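Protein chains in written order, with numbering that gives the first Met the number 0: chain A, 0 to 111; chain B, 0 to 184; chain C, 0 to 146.
No wet-lab data here; the hints were simulated from the structure. Note that the structure is predicted; figures quoted are calculated from it, not measured. Wrong hints could be hidden among the right ones.
Claimed, not checked - Keeping only pairs whose Cα atoms sit at most 20 Å apart, straight-line, the calculated EDC-like set for lysine to aspartate or glutamate is:
1) C:Lys12 <-> C:Asp59
2) A:Lys57 <-> B:Glu163
3) B:Lys94 <-> A:Asp102
4) C:Lys73 <-> B:Glu163
5) C:Lys11 <-> C:Asp59
6) A:Lys97 <-> B:Glu140
7) B:Lys94 <-> A:Glu34
Unchecked claim - Covered by chain A, per the in silico footprint, the following chain B stretches (three or more residues, Cβ under 8 Å):
8) 1–7
9) 10–21
10) 57–65
To be verified - Quick look at which bits of chain A chain B covers, simulated, 3 or more residues with Cβ under 8 Å:
11) 3–10
12) 25–33
Glycine residues also receive a C-beta, built at the ideal position from the N, C-alpha and C atoms.
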Amino acid sequence: MTLFVLCFLLFLVGLYGVITRRNIIKIVLGICIMEYSMNLFLVLVGYVHDGVAPIITKGSERATFVDPLPQAMVITVIVIGLATTAMLLAIAIRLYRKHGTFDIREINTLKG
Amino acid sequence: MEYIIGVLLILMIAGSIYTLHAGDLLSAIVSYGIVGFGLVIIFLFLKAPDLAIVQLVVEIITLIIMIAVIRNSSKEDLQESATIKVEGVQYVNLKQLLYFSGAVVLALGLMYYFYQSVSGLDVFGEHEMRMSQVYVEQGAELTGSANLVTGVLLDFRAYDTLGEATILITAVVGILTILRIKGRK
Amino acid sequence: MQSDKGMTIIVKKMTQVLVGIIVLFGVYIITYGHLTPGGGFAGGTIIAGAFILLVLAYGDDIMHLRVTKEGSSKLENLAIFMFLLFAIPGLFMIPSVFFRNYLPLGTVGELLSAGVIPLFNIFIGIEVAAALFTIFLAFVILKEEDK
């Protein structure tokens, strides 16, 4: 139970970074921290005490396995997270080339 | 087992708080590595070796791309001052305090609702596998693979893998369009 | 091998030794993906990492990069097309299900087993490696087109 609460605390740190920071790179880092915390939460739900990794070997017919379904989902989510971060950074580069700064309070004109 | 993961999580929270408050952008990106690599160790403790390999290499590539982004642009951060000086007397910056207290109130409210909804889940470690019972018991005969995660990912749930490949292609096309990469004449 | 671009001579020599080993390790993780931990995604990212190391150590003009940018995104599209091509014959069999495992399943634990899963692993590995390498090239090497 405390592990779930700590995981959500990591999510809240990321959310705090998105809300209160001025620099756009810090906002992107906050979004990435939120993604990592949710991946960790999914794998934490599927853990079984004294379980082994879900791979069948010669001597593991009687063993209890950890849940393989959240692990399969999280593998794809990690790679998708990289693609999403790369797109956010591409948008940040375009904003820098047009306005010359990373400050979001000065990039508030929608024209041009 | 819980204590080790708890200590690592507290280290990751401290690292992420420093990342968002660093004065220099380069040190923010380097200390973002604490969160990523701590996650690799936690995945190994949770008996998920596939995830550890993927998370390790993806974290390294993310750090490389971020350093490439800030290489040609400004590296220093924009300081938020906590106090402002008016006519020689220091006042507290009220707007800053308002944002910070708003964030704290939102965090407490979200934590209360999260606590209410998580107390209905199983206790950590006594997970009752309802959907995965068939996958674990008959996965080897139905798919023929010894690695159950690969069997789930490419035989029982192959649509999700197809969707993930589609997302990767869309992201690559999107990045090449946003950055207006020159093609061959 | 002296040239002005890229890193120093020590890094270049070490890269020459290490890149082959990293690519071999990635290919091992992809092909044994149905027996040991790993699979298509892990091996694909490792191979992308090997190519990124090559470009970082040798600078801009290795592999004639204008040609390679076109080549790597075409390779990615070709790999996903082959992935779909192997999944469609499942529709024409009985019972007709998309993505059905129709090659013979051998005994569990052999290298040649598990039907179409090793083939899918290889194509997913090529696709992920090409996508991550194209993303890296778009950020680091390639230039914006003129207005």
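Going through the hints against the structure:
1. For a cut-off of 20 Å, the pair hint linking Lys12 of chain C to Asp59 of chain C stands: about 17 Å separates their Cα positions.
2. Proximity of Lys57 of chain A to Glu163 of chain B is assessed by CA-CA distance (about 33 Å); at most 20 Å being required, the pair is judged violated.
3. Distance hint between Lys94 of chain B and Asp102 of chain A is fulfilled; the C-alpha atoms sit about 17 Å from each other, no more than 20 Å.
4. The straight-line distance between the Cα atoms of Lys73 of chain C and Glu163 of chain B is roughly 18 Å, inside the 20 Å bound, and the hint therefore holds.
5. Of the pairs offered as hints, the one joining Lys11 of chain C and Asp59 of chain C holds, with about 14 Å between alpha carbons and a cut-off of 20 Å not exceeded.
6. Between Lys97 of chain A and Glu140 of chain B the CA atoms are separated by roughly 58 Å; this puts the pair beyond 20 Å, and the hint is violated.
7. About 29 Å separates the Cα atoms of Lys94 of chain B and Glu34 of chain A, which puts this hinted pair outside 20 Å; it is violated.
8. With 3 residues bearing a CB less than 8 Å from a CB of chain A, the stretch 1–7 of chain B meets the requirement of three and the coverage assertion stands.
9. Against chain A, the stretch 10–21 of chain B contributes 6 residues with a C-beta closer than 8 Å to a partner C-beta. That satisfies the three-residue criterion, and the hint holds.
10. Only residues whose beta carbon comes within less than 8 Å of a beta carbon in chain A count, and the stretch 57–65 of chain B has 5; three or more means the coverage holds.
11. Coverage of the stretch 3–10 of chain A by chain B holds in this model, with 7 residues showing a Cβ closer than 8 Å to a Cβ of that chain against a need of three.
12. Given as covered by chain B, the stretch 25–33 of chain A passes the check, having 5 residues with a CB less than 8 Å from a CB of that chain where 3 are the minimum.
Checked against the numbered hints given earlier, this structure breaks hints 2, 6, 7; the rest are met.
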